[in-house]
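Residue numbers (my numbering), protein chains in the order written: chain A, 1 to 240; chain B, 1 to 316.
To be clear, the hints were calculated from the coordinates, so they are not data collected in a lab. Keep in mind that the hints are not guaranteed to be accurate.
No more than 30 Å apart at the CA atoms, straight line, and that leaves these computed lysine-lysine pairs for DSSO-like [claimed, not checked]:
| # | chain 1 | residue 1 | chain 2 | residue 2 |
| --- | --- | --- | --- | --- |
| 1 | A | 2 | B | 115 |
| 2 | B | 214 | A | 11 |
| 3 | B | 138 | B | 214 |
| 4 | A | 20 | B | 136 |
| 5 | A | 20 | B | 114 |
| 6 | A | 11 | A | 27 |
| 7 | B | 78 | B | 114 |
| 8 | A | 11 | B | 138 |
| 9 | B | 214 | B | 115 |
| 10 | B | 115 | B | 181 |
| 11 | B | 115 | A | 11 |
| 12 | A | 11 | B | 18 |
| 13 | B | 78 | A | 2 |
| 14 | B | 114 | B | 136 |
| 15 | B | 214 | B | 18 |
| 16 | B | 136 | B | 115 |
| 17 | B | 114 | B | 18 |
| 18 | B | 76 | B | 115 |
| 19 | B | 214 | B | 136 |
| 20 | B | 180 | B | 136 |
| 21 | A | 2 | B | 136 |
| 22 | B | 181 | B | 76 |
| 23 | A | 27 | A | 2 |
| 24 | B | 214 | B | 114 |
| 25 | A | 27 | B | 138 |
| 26 | B | 180 | B | 115 |
| 27 | B | 114 | B | 138 |
| 28 | B | 114 | A | 2 |
| 29 | B | 181 | B | 138 |
| 30 | B | 76 | B | 214 |
| 31 | B | 115 | A | 20 |
| 32 | B | 18 | A | 2 |
| 33 | B | 181 | B | 136 |
| 34 | B | 136 | A | 27 |
| 35 | B | 115 | B | 138 |
| 36 | A | 20 | B | 214 |
| 37 | B | 180 | A | 11 |
| 38 | A | 11 | B | 78 |
| 39 | B | 180 | B | 138 |
| 40 | A | 20 | A | 2 |
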Amino acid sequence: MKINPPDTYWKKDVALFFGKRFALLIKMLYPMALIVPVAASDIPAQYAAAVIGIVAVMAGTFGAGESLTVDLNDGILMRVALTPLSPRRIVFEILAVNAILDFIQILPALLIVYVLNPAPLVWVLAATVAIFATLLTANCIGIFIANFTSSPADVLLYATAILAPLIYVSGFFRNQNPIGTLATLRDFVPFAYMNDSLKEVFGLSTGAVPLEMFVYPGLIAALCALGVCLTAPRLLSPRF
Amino acid sequence: MLERPAALEVQEITRLYKSSGRGVSGASFEVRPGEVFGLMGPNGSGKSTLLRVLSTAIAPQSGSFRIGGADGVREKRKARARMGLMVDRPTHYGDLSGWANAYFFARSYGVEEKKAEIVLAELFDYFGLAEYMDDKAKTYSYGMGKKLALIEAMAHAPDLLLLDEPSLGLDYTSQLAYQKKIRELATSGVAILIASNQVDEVEALCDRVAFLQKGRLAALGTPEEFVSSLEGLRRIVATLRNPVEYGALGGIAGVERVATEGRDLVVHCAERPGLVADVVAGIVGAGGDITDLAVRRPSLEDVYVKLTGEALRDED
Numbered sequence: 001m002k003i004n005p006p007d008t009y010w011k012k013d014v015a016l017f018f019g020k021r022f023a024l025l026i027k028m029l030y031p032m033a034l035i036v037p038v039a040a041s042d043i044p045a046q047y048a049a050a051v052i053g054i055v056a057v058m059a060g061t062f063g064a065g066e067s068l069t070v071d072l073n074d075g076i077l078m079r080v081a082l083t084p085l086s087p088r089r090i091v092f093e094i095l096a097v098n099a100i101l102d103f104i105q106i107l108p109a110l111l112i113v114y115v116l117n118p119a120p121l122v123w124v125l126a127a128t129v130a131i132f133a134t135l136l137t138a139n140c141i142g143i144f145i146a147n148f149t150s151s152p153a154d155v156l157l158y159a160t161a162i163l164a165p166l167i168y169v170s171g172f173f174r175n176q177n178p179i180g181t182l183a184t185l186r187d188f189v190p191f192a193y194m195n196d197s198l199k200e201v202f203g204l205s206t207g208a209v210p211l212e213m214f215v216y217p218g219l220i221a222a223l224c225a226l227g228v229c230l231t232a233p234r235l236l237s238p239r240f
Numbered sequence: 001m002l003e004r005p006a007a008l009e010v011q012e013i014t015r016l017y018k019s020s021g022r023g024v025s026g027a028s029f030e031v032r033p034g035e036v037f038g039l040m041g042p043n044g045s046g047k048s049t050l051l052r053v054l055s056t057a058i059a060p061q062s063g064s065f066r067i068g069g070a071d072g073v074r075e076k077r078k079a080r081a082r083m084g085l086m087v088d089r090p091t092h093y094g095d096l097s098g099w100a101n102a103y104f105f106a107r108s109y110g111v112e113e114k115k116a117e118i119v120l121a122e123l124f125d126y127f128g129l130a131e132y133m134d135d136k137a138k139t140y141s142y143g144m145g146k147k148l149a150l151i152e153a154m155a156h157a158p159d160l161l162l163l164d165e166p167s168l169g170l171d172y173t174s175q176l177a178y179q180k181k182i183r184e185l186a187t188s189g190v191a192i193l194i195a196s197n198q199v200d201e202v203e204a205l206c207d208r209v210a211f212l213q214k215g216r217l218a219a220l221g222t223p224e225e226f227v228s229s230l231e232g233l234r235r236i237v238a239t240l241r242n243p244v245e246y247g248a249l250g251g252i253a254g255v256e257r258v259a260t261e262g263r264d265l266v267v268h269c270a271e272r273p274g275l276v277a278d279v280v281a282g283i284v285g286a287g288g289d290i291t292d293l294a295v296r297r298p299s300l301e302d303v304y305v306k307l308t309g310e311a312l313r314d315e316d
């Protein structure tokens with residue numbers, strides 16, 4: 001399969017991702033620089049899981065949101081939108097390829113975590129799936145934000161406003177043993193499933209069921225993906 | 001002989017911006033296959049808004065348009081597939097090569113792999129970009145970027161080309177190549193709409209021209225019709241060694257408008273005996289040192305000046 005020259009939107013993004021070597025090196029190294037020291041340390045499991053979670057959430061949200069707003073400002077995305085390609089397909093490709101590229105960035109660090117912290121295979125797989133679902137959801141948030149602003153700086157601001165409550169509800173740092181409404185809300189945030197499965201990988205029992213990690217975050221992320229794809233006509237319309 | 005249906009039919013298009021109230025109102029015209037149609041108008045005349053509507057970027061508030069029979073509002077994707085588009089400030093993926101950019105767009109318009117390679121190779125060669133095809137688009141000059149945008153607009157053999165200020169920024173050789181290509185495409189049946197304020201280009205290329213003023217289609221006709229409507233007008237172009245205060249020239253009977261173009265003083269005036277002598281005397285009297293003088297028949301430029309001048313007067 002030929003990636004460059006690209007014949008689809010996603011191949012274009014892949015070609016750009018691998019085309020800038022220095023940027024690629026930085027992109028691959030920074031998750032390792034943040035995650036590996038944590039994985040190799042004696043830090044309590046819940047905080048080690050939280051650090052990885054934060055890296056995944058931030059990488060996903062800011063990656064898609066910022067690159068989208070840059071392309072929107074530049075006018076190139078508008079030009080692509082005026083081809084016969086379906087706007088929903090364009091947004092789906094943006095979402096999918098960004099989530100996969102974010103996953104590729106984080107995967108080497110994740111593998112080191114699994115090597116340094118041997119865990120049952122089912123939890124390793126569950127954590128991997130939940131992290132991908134988190135990246136997908138985070139990219140959905142980034143794309144959703146790009147609907148309302150064409151400023152990369154605003155993306156940071158809006159993303160923080162959206163992510164802070166979600167991170168709280170997910171129990172990364174506070175709200176680790178939620179009850180009542182908070183417990184119910186937690187079930188609807190994919191970050192929470194990632195957090196639980198990573199805690200299990202780091203040896204902290206959460207009482208979570210592995211099957212839930214495979215089903216619920218994926219389902220929620222798929223619904224989020226469907227939601228942002230429906231915003232495509234607005235996202236790809238000119239901003240005046 | 002049956003006339004071929006219009007490649008672009010525009011009926012009563014209106015799109016006004018809430019914030020400024022400006023835009024385009026009630027524009028109707030058609031562009032037939034093989035016709036080169038010029039769209040002219042001063043800044044704020046609604047030209048860009050009309051182009052945004054026709055490119056399907058924004059929807060009209062009322063009216064309709066069809067591209068190759070496809071409804072531009074309800075069948076956007078069909079309409080887009082039949083249209084080649086070049087925006088006035090083309091952008092590209094800077095970290096991809098020029099070739100990769102053009103290939104991506106050609107494939108997005110549904111051109112098959114092999115055909116895309118053949119067509120693009122021809123166009124890169126034609127526009128003199130072949131030796132730069134593997135360079136990153138961000139290293140391209142403004143003119144090269146415009147040529148790349150022209151290639152992207154033409155590669156999928158559209159029924160209609162919508163070009164916004166296509167030749168602005170092109171060097172002279174590239175302008176000639178571009179004009180030759182436009183004529184070739186028109187001969188092969190492609191309908192071409194050129195929005196431009198490059199009067200020479202429009203006069204040289206276009207079969208018909210529409211003038212927009214304050215959002216309305218003020219005039220529509222062939223360049224010849226427009227120019228002949230100015231029978232009796234002349235343009236005196238005086239090249240000066242030094243700038244002069246030329247306000248007094250406006251008071252000479254028959255002088256309609258005076259403007260500077262670089263070192264030239266351009267006087268639009270009626271045809272009357274002795275007027276050239278009066279103008280020369282006026283310039284010399286103002287301290288002007290004339291190094292060259294020409295009296296020209298009207299051109300589309302004079303039509304543009306007349307129409308936009310009237311628009312400015314109406315605004316006053």
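Each hint tested on the structure:
{"no.": "1", "hint": "A:2 - B:115", "verdict": "holds (16 Å)"}
{"no.": "2", "hint": "B:214 - A:11", "verdict": "violated (44 Å)"}
{"no.": "3", "hint": "B:138 - B:214", "verdict": "violated (37 Å)"}
{"no.": "4", "hint": "A:20 - B:136", "verdict": "holds (11 Å)"}
{"no.": "5", "hint": "A:20 - B:114", "verdict": "holds (27 Å)"}
{"no.": "6", "hint": "A:11 - A:27", "verdict": "holds (18 Å)"}
{"no.": "7", "hint": "B:78 - B:114", "verdict": "holds (23 Å)"}
{"no.": "8", "hint": "A:11 - B:138", "verdict": "holds (19 Å)"}
{"no.": "9", "hint": "B:214 - B:115", "verdict": "violated (44 Å)"}
{"no.": "10", "hint": "B:115 - B:181", "verdict": "holds (19 Å)"}
{"no.": "11", "hint": "B:115 - A:11", "verdict": "holds (19 Å)"}
{"no.": "12", "hint": "A:11 - B:18", "verdict": "violated (39 Å)"}
{"no.": "13", "hint": "B:78 - A:2", "verdict": "holds (27 Å)"}
{"no.": "14", "hint": "B:114 - B:136", "verdict": "holds (22 Å)"}
{"no.": "15", "hint": "B:214 - B:18", "verdict": "holds (15 Å)"}
{"no.": "16", "hint": "B:136 - B:115", "verdict": "holds (23 Å)"}
{"no.": "17", "hint": "B:114 - B:18", "verdict": "violated (47 Å)"}
{"no.": "18", "hint": "B:76 - B:115", "verdict": "holds (25 Å)"}
{"no.": "19", "hint": "B:214 - B:136", "verdict": "violated (41 Å)"}
{"no.": "20", "hint": "B:180 - B:136", "verdict": "holds (27 Å)"}
{"no.": "21", "hint": "A:2 - B:136", "verdict": "holds (18 Å)"}
{"no.": "22", "hint": "B:181 - B:76", "verdict": "holds (27 Å)"}
{"no.": "23", "hint": "A:27 - A:2", "verdict": "holds (23 Å)"}
{"no.": "24", "hint": "B:214 - B:114", "verdict": "violated (47 Å)"}
{"no.": "25", "hint": "A:27 - B:138", "verdict": "holds (22 Å)"}
{"no.": "26", "hint": "B:180 - B:115", "verdict": "holds (23 Å)"}
{"no.": "27", "hint": "B:114 - B:138", "verdict": "holds (26 Å)"}
{"no.": "28", "hint": "B:114 - A:2", "verdict": "holds (13 Å)"}
{"no.": "29", "hint": "B:181 - B:138", "verdict": "holds (25 Å)"}
{"no.": "30", "hint": "B:76 - B:214", "verdict": "holds (27 Å)"}
{"no.": "31", "hint": "B:115 - A:20", "verdict": "holds (29 Å)"}
{"no.": "32", "hint": "B:18 - A:2", "verdict": "violated (47 Å)"}
{"no.": "33", "hint": "B:181 - B:136", "verdict": "holds (25 Å)"}
{"no.": "34", "hint": "B:136 - A:27", "verdict": "holds (21 Å)"}
{"no.": "35", "hint": "B:115 - B:138", "verdict": "holds (26 Å)"}
{"no.": "36", "hint": "A:20 - B:214", "verdict": "violated (47 Å)"}
{"no.": "37", "hint": "B:180 - A:11", "verdict": "violated (35 Å)"}
{"no.": "38", "hint": "A:11 - B:78", "verdict": "holds (24 Å)"}
{"no.": "39", "hint": "B:180 - B:138", "verdict": "holds (27 Å)"}
{"no.": "40", "hint": "A:20 - A:2", "verdict": "holds (18 Å)"}
In the structure shown, a violation is registered for the earlier hints numbered 2, 3, 9, 12, 17, 19, 24, 32, 36 and 37, in ascending order.
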